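*Asks:* Chain A is already provided as a structure; the job is to place chain B on it using the hints.
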Amino acid sequence: MELEAIFITLKLAFISTMILLLLGTPLAWWLAMTRSRVRSLAASIVALPLVLPPIVLGFYLLLCLGPQGPIGGLTDALGLGSLAFSFSGLVLGSVIYSLPFVVGPIQSAFEAMGNRPLWAAATLGAPPLSQFFRVAIPMAKPGILTASVLGFAHTVGEFGVVLMIGGNIPGKTRVVSLAIYEQVESGDYGEAHVMAAGLLLFSILVLWMLNHVRAKMRVIL
Amino acid sequence: MHKFSFAFLLTLWVISTKLFAAEIIIAVASNFSQTAQKIVAKFAENKQVNPIVVSGSSGNIFSQIKQGAPYDVFLSADTLRPEQLTSENLAFADSLVTYALGKLVLWSPKFPGISNLEVLRDKRIKHIAIANPKLAPYGLSTMSFIEKIGLKPSVASRLVFAENVSQAKHFVSSGNCEIGFISLAQVIHEDQKQHYWIIPSTHYEPIKQSAVVLKRSKHEKISRDFLKFIASPQSLKILSEDGYEAPVKKIGSGH
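Which chain is which? The protein sequence lines are A and B, in order. According to the working numbering, the first sequence is numbered sequentially starting from 60. According to the working numbering, the second sequence is numbered sequentially starting from 893.
So that you can see chain A by itself, here it is in the shape it has in the complex (with noise of 0.2 Å):
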């Protein structure tokens, strides 16, 4: 067991979770609301990485990552060095890589909830601020409970991105689906067996429980 490449892999989904749910309910937020024209376009946008294969978007992460790139170039002049190869980059790379799981279900509760509650809750006088907070977020509990848990579990699963830019460091990119991948190509299957059968059955808990916790909460409101 590789003990450590998994707690990077759980160090990742958790901050790559926690940087996408702070930009991805906004972001959900304005696509399930705005009569905007860049809306669709900024959908597709959002979308992309469902049909992307993610060593195209880890072929061009790299190159913009890198010195000629354009943040490549920010970093640079920032004075922070670059991303590539280091946690930092798989951190962008994993939120631009699950930022449709994380909006795709925030953005369907908030449009399943409509406008009437937060008419309701104006007519009570509440400004826009708590009527996010207060009436919209509570209402769309379920979604961004979706939303975090196939984050999560999507950025776990991550391979192709972090192939590209990661670097396979041990302790700092080197992930569990690198690990097993390594251990497939070099003929370890008894080490990959244990890594791939603990990944299925992590996965599967997660759906199960995700479904469980859903179902209960149907129930509730």
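Keep in mind the hints are simulated off the structure, nothing from the lab. Quick caveat, the model's predicted, so the values are computed rather than measured. One should not assume that every hint holds.
What the hints assert, rightly or not - Simulated pairs of lysine-lysine, DSBU-like, Cα-Cα distance not exceeding 30 Å:
1) Lys-1044/B / Lys-231/A
2) Lys-1015/B / Lys-231/A
3) Lys-231/A / Lys-1040/B
4) Lys-231/A / Lys-1002/B
5) Lys-1026/B / Lys-231/A
6) Lys-1002/B / Lys-1085/B
To be verified - Derived Cβ-Cβ restraints for the label pairs, each shown as a range:
7) Pro-962/B / Leu-133/A: 44 to 52 Å
8) Ala-913/B / Asn-270/A: 50 to 58 Å
9) Glu-250/A / Gln-956/B: 53 to 61 Å
10) Ile-1090/B / Tyr-119/A: 52 to 60 Å
11) His-1081/B / Val-115/A: 21 to 29 Å
12) Ala-106/A / Arg-1016/B: 52 to 60 Å
What the hints assert, rightly or not - Over 12 Å on every C-beta distance to chain B, these chain A residues come out as not near it, computed from the model:
13) Met-77
14) Leu-107
15) Pro-108
16) Glu-170
17) Gln-190
18) Leu-264
Backbone N, C-alpha and C define an ideal beta-carbon position, used for all residues, glycine too.
*Replies:* Just chain B now, with coordinates in the frame of chain A:
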């Protein structure tokens, strides 16, 4: 009318020669696939043979063969895997042959004129790309070389592990690594000489690339002919132009 029947017969003849041409599938380690294509093309000239080249990492091809992939010949990037296939009775032991020796280079478009390893001590070098020693023979060779000359402590924290030498090259060419250990074959046609340093072969274990004919093959004779052809002067010329060295002697012969 006669014209048509002639065309018809001609078409039939063309189809039939294609149909009756033996089809052999040659599975090649990706690093060697371009060179293999050239050699295969030469081999197929004036022959009733239709060779197909598929490429992948040696480890992947090895796993596929164990699961019954329909390959006839396996050109690996190492010797370990072909040996393992013969010991598992999946390949003919007497067909095992080292067909090329790979050469390591230290490559950096940013620091021209490299002529030794001192450049690695440069503080401006933050990331050094090498192929993963657990996956790639070139990586293994690089790692043992770095360890042997005692350079490991000063470079260990800056090493970045690529899946294979191709990815190591990509890490450098995209500017994310300042320097990398890759194979001569990858730069010999593409880059200027001052951008890479061919590491003297006395410094490291040569990367012995070996091949075998697989027992599953339906065209054993043609497959064996192909491995003989790889050792021919015609083929060795292609090899050396592409940055490989001719192997010193055959292994596993005379069984």
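*Asks:* Each hint needs a verdict: does it hold in this structure or not?
*Replies:* Right, here's what the structure says about each hint:
{"no.": "1", "hint": "Lys-1044/B / Lys-231/A", "in the structure": "holds, 18 Å"}
{"no.": "2", "hint": "Lys-1015/B / Lys-231/A", "in the structure": "holds, 21 Å"}
{"no.": "3", "hint": "Lys-231/A / Lys-1040/B", "in the structure": "holds, 25 Å"}
{"no.": "4", "hint": "Lys-231/A / Lys-1002/B", "in the structure": "holds, 26 Å"}
{"no.": "5", "hint": "Lys-1026/B / Lys-231/A", "in the structure": "holds, 18 Å"}
{"no.": "6", "hint": "Lys-1002/B / Lys-1085/B", "in the structure": "holds, 13 Å"}
{"no.": "7", "hint": "Pro-962/B / Leu-133/A: 44 to 52 Å", "in the structure": "holds, 50 Å"}
{"no.": "8", "hint": "Ala-913/B / Asn-270/A: 50 to 58 Å", "in the structure": "holds, 56 Å"}
{"no.": "9", "hint": "Glu-250/A / Gln-956/B: 53 to 61 Å", "in the structure": "violated, 20 Å"}
{"no.": "10", "hint": "Ile-1090/B / Tyr-119/A: 52 to 60 Å", "in the structure": "violated, 33 Å"}
{"no.": "11", "hint": "His-1081/B / Val-115/A: 21 to 29 Å", "in the structure": "holds, 27 Å"}
{"no.": "12", "hint": "Ala-106/A / Arg-1016/B: 52 to 60 Å", "in the structure": "violated, 41 Å"}
{"no.": "13", "hint": "Met-77", "in the structure": "holds, 26 Å"}
{"no.": "14", "hint": "Leu-107", "in the structure": "holds, 21 Å"}
{"no.": "15", "hint": "Pro-108", "in the structure": "holds, 21 Å"}
{"no.": "16", "hint": "Glu-170", "in the structure": "holds, 40 Å"}
{"no.": "17", "hint": "Gln-190", "in the structure": "holds, 46 Å"}
{"no.": "18", "hint": "Leu-264", "in the structure": "holds, 28 Å"}
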